[in-house]
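A.B. asks: Residue strings, one per chain:
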Amino acid sequence: MLKIELAGWSSEGLRCPDVEINLCNAAGAPEAIALLQAPNGTAKTTTLNLLKACMHGEATSWDSEDIQDFKRNDDERSDGVFTTFLKIDGRPLTIELKLNFDDGKASYRTSTTQGGGVRPFWDPPAEARKFLDKRFLNLFVFDGEYAKRLLNPDEAEAEYAIDALCQLYLLRDIDEVASDAWDREAKKVTVRTETGLRGEYSKKEAIQTRVEMLKKGEAQWSARLRDVDLDVARLEQLVDERLSTEIATREQHAEAHAALLQAQADVDKYSLGLVQAIRNPQALHPKIGVALNFLKDNLDKLRLPENTSAQFFEELSQSETCICGREMTPASSEYIRVRAKDYLGEKEIGVINEIKADIEKYVVSDHDVHPHDELILIRDGLQAARTSARKAEQKLRTLELKLIEAGDASLEGWRKDLEIAKSDQAKLKTALSELSADTSDGDYRSSRSLPFLQRALEETDQRISEVTKTVDLRKRTSIIKEILARASVKAQEIIKLELLNICNERLTGVLINDLLQIESIDRSLKLANQNGASEGQTLSVGYVFLMSILSRGNHDFPLVVDSPAGKLDIDVRNQIGGLIPSLCSQFVAFTIDVERDGFVTALEDTGKKIKFMTLFRKSGKTERLMSKLPPDGVTETETAVLVEGREYFFGFNQKSEQS
Amino acid sequence: MANFRLRVDAEDWFKKVDKGPKFDVYYYCAIVGMLNNRRNEPTGVSSTDIVSKFINDYKPYQNLIIGLLIIAELKKAGINITEKDAVRNEIQSLVSPQGGTGLTERGTQLLNHYASGGFEHIRDARSTKPESRDEFMLDFIDMVERAAEELR
Numbered sequence: 001m002l003k004i005e006l007a008g009w010s011s012e013g014l015r016c017p018d019v020e021i022n023l024c025n026a027a028g029a030p031e032a033i034a035l036l037q038a039p040n041g042t043a044k045t046t047t048l049n050l051l052k053a054c055m056h057g058e059a060t061s062w063d064s065e066d067i068q069d070f071k072r073n074d075d076e077r078s079d080g081v082f083t084t085f086l087k088i089d090g091r092p093l094t095i096e097l098k099l100n101f102d103d104g105k106a107s108y109r110t111s112t113t114q115g116g117g118v119r120p121f122w123d124p125p126a127e128a129r130k131f132l133d134k135r136f137l138n139l140f141v142f143d144g145e146y147a148k149r150l151l152n153p154d155e156a157e158a159e160y161a162i163d164a165l166c167q168l169y170l171l172r173d174i175d176e177v178a179s180d181a182w183d184r185e186a187k188k189v190t191v192r193t194e195t196g197l198r199g200e201y202s203k204k205e206a207i208q209t210r211v212e213m214l215k216k217g218e219a220q221w222s223a224r225l226r227d228v229d230l231d232v233a234r235l236e237q238l239v240d241e242r243l244s245t246e247i248a249t250r251e252q253h254a255e256a257h258a259a260l261l262q263a264q265a266d267v268d269k270y271s272l273g274l275v276q277a278i279r280n281p282q283a284l285h286p287k288i289g290v291a292l293n294f295l296k297d298n299l300d301k302l303r304l305p306e307n308t309s310a311q312f313f314e315e316l317s318q319s320e321t322c323i324c325g326r327e328m329t330p331a332s333s334e335y336i337r338v339r340a341k342d343y344l345g346e347k348e349i350g351v352i353n354e355i356k357a358d359i360e361k362y363v364v365s366d367h368d369v370h371p372h373d374e375l376i377l378i379r380d381g382l383q384a385a386r387t388s389a390r391k392a393e394q395k396l397r398t399l400e401l402k403l404i405e406a407g408d409a410s411l412e413g414w415r416k417d418l419e420i421a422k423s424d425q426a427k428l429k430t431a432l433s434e435l436s437a438d439t440s441d442g443d444y445r446s447s448r449s450l451p452f453l454q455r456a457l458e459e460t461d462q463r464i465s466e467v468t469k470t471v472d473l474r475k476r477t478s479i480i481k482e483i484l485a486r487a488s489v490k491a492q493e494i495i496k497l498e499l500l501n502i503c504n505e506r507l508t509g510v511l512i513n514d515l516l517q518i519e520s521i522d523r524s525l526k527l528a529n530q531n532g533a534s535e536g537q538t539l540s541v542g543y544v545f546l547m548s549i550l551s552r553g554n555h556d557f558p559l560v561v562d563s564p565a566g567k568l569d570i571d572v573r574n575q576i577g578g579l580i581p582s583l584c585s586q587f588v589a590f591t592i593d594v595e596r597d598g599f600v601t602a603l604e605d606t607g608k609k610i611k612f613m614t615l616f617r618k619s620g621k622t623e624r625l626m627s628k629l630p631p632d633g634v635t636e637t638e639t640a641v642l643v644e645g646r647e648y649f650f651g652f653n654q655k656s657e658q659s
Numbered sequence: 660m661a662n663f664r665l666r667v668d669a670e671d672w673f674k675k676v677d678k679g680p681k682f683d684v685y686y687y688c689a690i691v692g693m694l695n696n697r698r699n700e701p702t703g704v705s706s707t708d709i710v711s712k713f714i715n716d717y718k719p720y721q722n723l724i725i726g727l728l729i730i731a732e733l734k735k736a737g738i739n740i741t742e743k744d745a746v747r748n749e750i751q752s753l754v755s756p757q758g759g760t761g762l763t764e765r766g767t768q769l770l771n772h773y774a775s776g777g778f779e780h781i782r783d784a785r786s787t788k789p790e791s792r793d794e795f796m797l798d799f800i801d802m803v804e805r806a807a808e809e810l811r
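Chains as they are written, first to last, in the numbering used here: chain A, 1 to 659; chain B, 660 to 811.
A couple of the hints might just be wrong.
Which bits of chain B does chain A cover? Going by a derived footprint, with three or more residues having C-beta under 8 angstroms, they are [said to hold, decoys possible]:
1) 678-690
2) 710-720
3) 733-743
4) 766-773
Every beta carbon over 10 angstroms from chain A, so not counted as near; a handful from chain B, in silico [unchecked claim]:
5) N662
6) N699
7) G759
8) D783
9) S786
Residues from chain B that face chain A, not an exhaustive set, calculated with beta carbons under 7 angstroms [claimed, not checked]:
10) L723
11) L727
12) I730
13) R792
14) M796
15) V803
16) L810
Since the hints were made in silico from the structure, they are not lab data.
For clarity, every value in this text was computed on a predicted model and none was experimentally measured.
The beta carbon of each residue, even a glycine, is placed where N, CA and C say it ideally should be.
Given these sequences and hints, build the entire structure.
C.D. replies: Here is the structure:
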């Protein structure tokens with residue numbers, strides 16, 4: 001529930017008179033009813049437009065022609081200021097609109113007791129902004145044009161008024177919150193629909209089937225490999241035994257076998273030696289040592305790291321005097337602190353010194369044998385050992401062939417079987433190695449990598465979990481949006497019916513001699529049994545509808561009306577005047593003298609306190625009025641006179657002014 | 660702080676070579692990457708943390724490896740070794756006593772990127788995966804030999 005009150009306004013340098021209107025009583029609270037009697041030509045429409053402009057904040061988009069419209073013809077001032085004083089839930093809110101006629105620009109200033117001080121732009125409190133919307137303002141800054149729009153079937157003002165004042169927009173706000181939440185979640189996932197979810201489940205099933213198939217294959221191939229390994233070992237042993245027992249080959253076999261074992265041991269020894277030697281980068285190539293030494297030399301030449309650390313300068317900047325003896329001024333201190341960042345920290349200095357020291361130690365120092373030469377020796381040893389191993393293997397193979405050629409059918413058979421077994425062994429090892437290889441990409445439909453498929457399965461599971469949540473959220477969002485849409489329609493229907501009955505009942509009371517009724521309330525108001533309405537009828541229906549809805553709504557707004565009774569018959573004025581105070585908490589009207597009869601008297605009859613004000617421009621024709629001003633309650637400015645008080649209000653005669 | 664990380668495809672490729680610490684493989688790749696000035700952030704392939712600091716076998720050579728990283732990065736950035744401020748800034752961005760690796764977060768990541776680029780260089784230079792450690796060792800020395808010739 002929000003309460004907006006109009007406490008007054010002031011105008012200076014504009015088409016409307018320079019004046020400050022205070023709508024408050026002696027206690028500082030806006031009076032329930034305030035009537036400002038102002039003759040035609042007092043720029044009442046301009047004042048209402050400026051009041052609205054202060055409230056909706058859109059004057060900054062006006063062009064210079066719009067702004068010039070507010071300039072008084074005979075005024076030399078380059079700008080004009082209109083200030084509106086509001087109260088939001090009792091707290092003052094002042095919005096000042098400045099129109100610069102020279103550069104054709106409008107600007108705002110806002111001051112509240114909440115925000116602290118004046119802000120140089122339009123900035124009312126967040127809770128009030130919704131109700132300071134241009135369209136919404138028409139609901140409480142009312143004129144005859146708006147009443148016509150309420151009855152226009154091409155407009156939707158009646159529906160908007162119900163929506164705004166009965167807070168049905170809150171249902172849309174909830175809808176937006178739900179939509180935003182859905183959008184945020186939906187952005188996180190690529191699959192959002194049930195079809196997509198089914199696709200993910202199919203993918204999961206396909207991966208699972210493939211993993212099961214490959215695991216079955218893995219078990220079979222592993223078992224087969226164990227058998228093949230045994231076959232290979234058995235056949236190798238048979239071949240080896242035959243070669244080592246046959247007299248023709250025994251000695252040579254022993255010799256070749258020993259050479260092979262030695263060569264294999266050497267290969268292991270040298271390759272291990274290489275692994276260790278390679279760990280020293282300097283051993284990899286002489287040019288690496290040269291490059292590291294070049295780096296060290298140049299760091300030395302550059303005096304990097306410097307002898308002085310960043311910390312030294314930091315500490316110096318905090319000293320009272322510089323090391324040169326001069327006083328450390330704030331400027332010098334700041335300069336040193338900024339420049340200190342160009343120096344290395346103590347710890348960084350330590351690290352760079354260590355790097356340089358290690359280069360000195362490993363690269364520059366004299367070695368008995370250069371690490372690279374050592375590495376080359378080991379590499380040559382490894383190459384020689386590999387060659388020896390190959391030769392020993394060839395020798396053993398030659399011995400085999402010798403026996404086979406001599407007619408050793410068993411050996412020939414074993415050799416053939418061994419070749420086949422070794423081929424099988426290689427194929428099985430390759431297949432099993434493919435299964436265990438961790439490939440990072442691939443197609444789950446054709447991949448043979450179990451780690452990859454396992455990951456794909458986990459990712460799919462994760463996605464299914466996310467999509468399930470998203471699909472569920474989508475369903476929930478749809479349900480809540482459906483509920484909100486139905487609630488909005490239902491609420492509109494109920495409120496419209498309720499308002500229809502209330503309005504028709506009130507119209508019966510207001511238009512006693514004119515049986516005017518509302519047939520239906522849809523987007524606009526539709527009158528029963530007639531297509532058009534007179535200006536008085538339109539105004540009456542507009543008042544009744546607006547006041548009914550204002551009194552039914554949850555918020556509390558002032559009703560500001562220009563010439564509220566001008567177009568109404570005297571008896572209708574009476575009825576409307578009697579009705580208004582009970583339907584809104586603050587009523588502000590711009591009246592002319594002819595409206596006093598019937599309307600103002602009816603307002604007085606309600607017993608509510610009324611603040612009476614009369615405003616007229618100063619001109620050559622108003623001299624008679626000036627001479628008859630009361631002793632109290634008169635405020636005179638350069639361009640206008642404002643008189644407070646009931647007596648003057650009722651005694652004021654517009655014709656007198658014009659004479 | 661960042662750790663030393665190895666691409667999973669590199670681990671698989673070196674399966675028959677990797678008989679010692681995993682850091683050996685990381686080092687082979689990083690050296691080839693730095694000497695060939697080839698580094699990249701692996702995309703479409705995952706990496707795993709292997710260690711958070713230089714292992715004991717490499718402790719004596721840690722600063723030489725960091726020295727090679729400084730040389731590679733100065734070259735990559737086109738910084739002349741005589742430009743004091745630029746050299747200081749580059750070193751500042753690479754070395755740090757805080758992290759276990761002796762490098763800053765950026766420095767460690769860059770060494771990881773050299774290991775990634777180096778692995779691709781090794782893989783591209785051979786038609787098949789190595790069958791044994793000794794076979795790869797000999798190949799590696801040849802590869803380093805060719806790249807080091809380009810050093811000035």
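A.B. asks: Hint by hint, say whether it matches the structure.
C.D. replies: Status of the hints after comparison with the structure:
For the region 678-690 of chain B, the stated coverage by chain A holds: 5 residues have a C-beta nearer than 8 angstroms to a C-beta of that chain, and at least 3 were required. Look at the region 710-720 of chain B against chain A: 4 of its residues bring a Cβ nearer than 8 angstroms to a Cβ of that chain, three or more, so the hint holds. Under a criterion of three residues with beta carbons nearer than 8 angstroms to beta carbons of chain A, the stated coverage of the region 733-743 of chain B is upheld, 3 such residues being counted. Counting residues of the region 766-773 of chain B whose CB lies closer than 8 angstroms to any CB of chain A gives 0, so the stated coverage by that chain is violated, three being the minimum.
For N662 of chain B, the condition that its CB be more than 10 angstroms from all CB atoms of chain A holds, with the nearest at approximately 18 angstroms. Taking the minimum C-beta to C-beta distance to chain A, about 14 angstroms, the non-interface status of N699 of chain B holds against the 10 angstroms cut. With a closest Cβ-Cβ approach of about 13 angstroms to chain A, G759 of chain B is found to remain outside the 10 angstroms limit, as its non-interface label requires. Taking the minimum C-beta to C-beta distance to chain A, about 17 angstroms, the non-interface status of D783 of chain B holds against the 10 angstroms cut.
The beta carbon of S786 of chain B sits about 16 angstroms from the closest Cβ of chain A, which is more than 10 angstroms, so the claim that it is off the interface holds. A cut of 7 angstroms between beta carbons decides the hint on L723 of chain B: the least distance to chain A is about 5 angstroms, and the hint holds. The restraint placing L727 of chain B at the interface with chain A holds, with a minimum CB-CB distance near 6 angstroms, inside the 7 angstroms limit. Hint on I730 of chain B holds. Least Cβ distance to chain A is approximately 6 angstroms, under the 7 angstroms limit.
With a least beta-carbon distance of about 5 angstroms to chain A, the hint placing R792 of chain B at the interface is held under the 7 angstroms criterion. Taken as an interface hint, M796 of chain B checks out: its beta carbon lies about 5 angstroms from the nearest beta carbon of chain A, inside 7 angstroms. A hinted interface residue such as V803 of chain B counts as satisfied when its beta carbon comes closer than 7 angstroms to some beta carbon of chain A; here the least separation is about 5 angstroms, so the hint holds. For L810 of chain B, the shortest C-beta to C-beta distance to chain A is roughly 4 angstroms, which falls under 7 angstroms, so the interface hint holds.
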